[in-house]
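So the protein lines, in turn, are chains A and B.
Residue 884 is where the first sequence starts when you use my numbering, and the numbers rise one by one after that.
Residue 313 is where the second sequence starts when you use my numbering, and the numbers rise one by one after that.
Simulated from the structure, these hints should not be mistaken for laboratory data.
Which residues of chain A face chain B? A few of them, derived with a C-beta cut under 7 Å, are: (1) N916; (2) D929; (3) L930; (4) Y933; (5) G963; (6) L1044; (7) G1149; (8) N1150; (9) S1177; (10) D1178.
We put the beta carbon where it would ideally sit given N, CA and C, even for glycine.
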Amino acid sequence: MQALLISIIMGIATATAVAIPQFSAISGNRCSNCHVAPSGGGVRNDLGWYSWYDVGLISRDSSFLAPMYAIDKENTFFDGMLTLGMDARVQSTRAFTSPDSKRATFPMQASLYAALTPIKAVTIEGMFNLAALRQGPNSDQRIVYAGQRMGSASVIIAPSLSLPQLRAGLFRPSIGMRYDDHTMGAYSFMTSTTRQTLVAPDWSEYGAEITYEGLKWLTVQTGVFGSEGLSQVRISDGATQSYSPISGNQPTITARAVVWPRAFDGNLNMWFGGSILRNGSFMLTSAFAGIGLSDHLSLLIDRTGMDLDDVIETENWSAELMYQATTWAFPYIRAERYWTDQANASGTVQTNTAIVGAQIFLLPYVEFRPEYRVLDTWRDGYSSRWNFQLHIFY
Amino acid sequence: MRKTLILAVAFVAAVAFSSATSIPGAAAGAKKYTLNNSVGKNAIEFVSDAPMEKINGTSDGVDGSFMLDAANLEATTGKITVKVMTMKTANSKRDEHMYDAMWLDAGTYPTIVFDVKSLKDVKVTTKDGRSVVTATAVGSFTCHGVTKPSTANVTITYLPESAETKKRASGNLAMIEASFTVALAEHNITGKAGVVGKSVGEKIAVTAKLFSNS
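Only chain A is shown next, with the shape it has when bound in the complex (with noise of 0.2 Å):
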C-alpha cells in the first residue's frame, strides 16, 4: 500500500525545472528571453533573474532581510562568462486514490544550475538535481522516474540572435510548453490503479536540436535524438503485456512551432504553438495556446496526446486562467482533464480535476503555492485535497 501511495504521489508529482509560460503570457516574453534554453526551463539568464529578484511580499530592502539580501547582486559573474541559479522544490499532498491517504512531505528537486559562456557565440550549460540522490522510503532503489536524469549538459552555439542555433548534448527535446506545475500531468497517462508518468521530469536524451528565433514572434525548433531515456519508459496495454514507447534504436525525431503575436502596443500578449515526437509507430503530440493581458491576467489552453499504435492512446487536456493580484501574488483556477485508452482494458479511464491555487513569492526567490483540488476520478465519487508546494530558486 505505501508502495502504492509513493507512486501515486510520485506520479502527480512530476517535478520540473520549467519555465513560467504563466508570466510569459503576462510579460509577454518568450521562454528564451529568461532563459539561456531556447524553450526554457534550468538556468535563468540575467533577464530572468532580474525580471524576479526583488519580488516578494517582503521587500529585499525591508530592515531584516536586507543584510541577508545585500551581498546579492547578480546571477552572472566573471564579466558575464558564468552563470548560476537553482530550484528546490517541497510539496505536501495525499494521494487522490484513497480518502483516507495519509498525507507526506517530499522534496520534489533540488536542481543546481550553471551556465558558462566562454565567448559570446557559446555556452556550455549543465544541471544537476540533487534530489535524485535520495533513496525511496522502503527501497534501496531511488526514486527516479523510467526515463529521468540526475542531469543534463549541453552545449548551445548561437552565434547571432537573428541567426539559427545549435544545441547539441544530454537534454531535454524541446517538446511541448514547459509548465512550472508540478501536478500537471500534461505528459502522463491513467491506468486502472494509478496516473503514471511518461515524460519524466528532468528527462533528457543525447541529440542535437536547432532553435530559430530571428523573427520576434516565431520560435522553430527541430531536433533528433537517441531513445535510451525513453526506451526505459513502460506502457501498459491493459492487459499483462508491456511495452516501450520506442522501437529498437530509432532515433527521435522532434519539431516544434510557436508564433507569438502580440497587439494594443504589448498589451495583449498571445502564443499558439504545436509539437510532435516520434519514434516509430509512437507519437507524442501537442497543442498549446496563451493569451495575455500585460500586467493583468493570463490564459492557457493545452491538449497534449501520445499514441502507440495498438498499445494506448492518450487525450490530456488543461486550461488555466491566472490573476496577478500584484506583483507578488498569482491567484488562478485550472481544470484538467486525463484521459487514456488502452488497447486491451475493459474501457477508457478518465480523471477531471479542478483547482483553485495561488503562487505567492512571500519573499524574494521564495514562492508558497496553495492549492485545493477537487478530483473525479475513475473510482467511486469525488475526493478533494490541500496541496502544497514551496519552491526555492535564483
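Keeping the supplied structure of chain A fixed, place chain B upon it in accordance with the hints.
Below, chain B alone, put in the same frame as chain A:
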C-alpha cells in the same frame, strides 16, 4: 565707404529676412504656446526594439511651452518636460526597474527635458486655413542628468483662432508631432548588465504628440 557698409548691411538683412519662413496670413510677433490637454491629449510614446523584445511605452506627464513667431518659424524656442515616474510600459515590475537607479534613476533625475533652440529646414504648406510646418528642431536633450545636443523631426499644424478652435481652447492652436532617437549610452544609462542590446534597445525611438494654444 559708408555707402558700401550700408549696402552690405542691407544685403545681409535682406538675406536674413528672406531666410525666415512664415505662415501665410498669420500675424508677425512671437507668441507663447502652452501645452494644453483641452486642445488634445499630450503624450509621448517610446519604443525599445531589441533583438529579443520590443517594448512600447507611453507617458502622459508632459508639460511645456514654446515661443512661436508665425513670421519667423526658425526662431521658435521652447522646452518640453516629461516626468519620469509617469512613463509606463504595460508591465509594472518593468516600470519599477525603469525608474530605479540602474536605469533612469527617477529619484535623482525626476524629469526628462527637450530644450528647443531653433528650427531649421522649415517648410510650410497651407490648405483650407490650416498650415502645416515641417522642420527639424535643434536643441538639447537632457536625460539621466546628461545633456546632449539633439534634433527632432517635427510637424506643426497651425490653426489661427476661429469660432471652431475656440471650442477647444482660446487663441491660436499649434499641434506638434515630434520624433527623435535617444542613445542610452550617451546619457550614461547602462541598465542591467547583458540586457541592453539584447532585450532593451541601445537606442530608444521617441514620438511626442503635443497640443498647445497661444
